[in-house]
Amino acid sequence: MCPEAKSKYPKLASLDITSPECSDPAFEGMASNYLKVFDEVITSVEQTPADASSACQRLNSVGKMHRNKVNGMKFDDFQQLEAPFLYNEKAEMLFKKFFQFCLHLFTVKNVDPDGKKFDRVSRLFCDSESFKMDLILDVNTQLYQLGINDKFRLMLCSSMRDDGLTDEGEYDKTIENVPRVRMFEYVMYGKIYRIEGDEYNTETSRLAAYVSFGGLLMRIQGEANNLNGFEADKNIYLLIKKVPN
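For the sequence shown, this note's numbering gives the first residue as 1, with consecutive numbering after it.
None of these hints come from the bench; they were simulated from the model. All values reported here derive from a predicted model rather than from experimental measurement. Check the hints yourself; a few may be wrong.
[Said to hold, decoys possible] Distance condition first, Cα-Cα at most 20 Å in a straight line; then the derived DMTMM-like pairs of lysine to aspartate or glutamate:
#1 Lys242 - Asp114
#2 Lys241 - Glu129
#3 Lys132 - Asp150
#4 Lys109 - Asp134
#5 Lys242 - Glu231
#6 Lys117 - Asp138
#7 Lys241 - Glu185
#8 Lys191 - Asp112
#9 Lys234 - Glu196
Sequences and hints are given; from them, build the entire structure.
This is the structure in structure tokens:
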């Protein structure tokens, strides 16, 4: 890895892919490819951001190619490999168009401003300053609670499959064992039922996506280029993890 990448991502730089826990050839090959392509992505970001898309796409392909080979193995080190791509703000901005998911940091600004409609459900009003996105989300408070000023990571993705193909049909309980799912605290599965423009904003092109998670509703609204891939009648997973204030 280049010195800049090592200083920015010490966990990735210190990962020993030859350790006994990572001795499987499939894992070793995957880790080596990740390190190589990630180095290319960092270089692209620093020097020519506009040309970084091809490296991002390669990185995504590497993950899809090898993930199924390491199922059932120890994933701690694999998660260290993935962490920089999931939680680095610069990576979020660049990779969001090429990965299957969008990942953003939101802050809860209000809870049930019009009063509670149901005993076990709260409606959260949130925003993401970095990406100028607004979120309204119904949450089952019996399972998970967020309060005003709480911050959380939100991931929306169309698939949890190892091959990256879009999930079809009913919710699959086996996703509870998927490493990506275990990294979060609250997960829902639903369907996008409407996409519309923002009729109140004429300065930029904004979109709003509406999702129903078995009756719990979500509206996410932002600039159109931040909502690429959202299509009506498409199944979608929502994953949330609270972060320290």
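Comparing the hints with the structure gives:
For the suggested pair Lys242 and Asp114, the alpha carbons sit about 24 Å apart, so the restraint of at most 20 Å is broken. Of the supplied pair hints, the one linking Lys241 and Glu129 holds, its CA atoms being roughly 18 Å apart against a limit of 20 Å. A C-alpha spacing of about 17 Å is found between Lys132 and Asp150, which places the hinted pair at or below 20 Å, so the restraint holds. Proximity of Lys109 to Asp134 is assessed by CA-CA distance (about 10 Å); at most 20 Å being required, the pair is judged to hold.
Taken as a hint, the Lys242 and Glu231 pair is broken in the structure, with Cα atoms around 27 Å apart against an allowance of 20 Å. Among the hinted pairs, Lys117 with Asp138 is consistent with the structure: their alpha-carbon atoms are about 10 Å apart, no more than 20 Å. Straight-line distance between C-alpha atoms of Lys241 and Glu185 comes to about 5 Å, which keeps the hinted pair within the 20 Å bound. In summary, the hint linking Lys191 to Asp112 is not supported, as the alpha carbons are separated by about 23 Å, beyond the 20 Å threshold.
The suggested pairing of Lys234 with Glu196 holds, with an alpha-carbon distance near 15 Å, which does not exceed 20 Å.
Of the numbered hints given earlier, the model fails hints 1, 5 and 8; all others are met.
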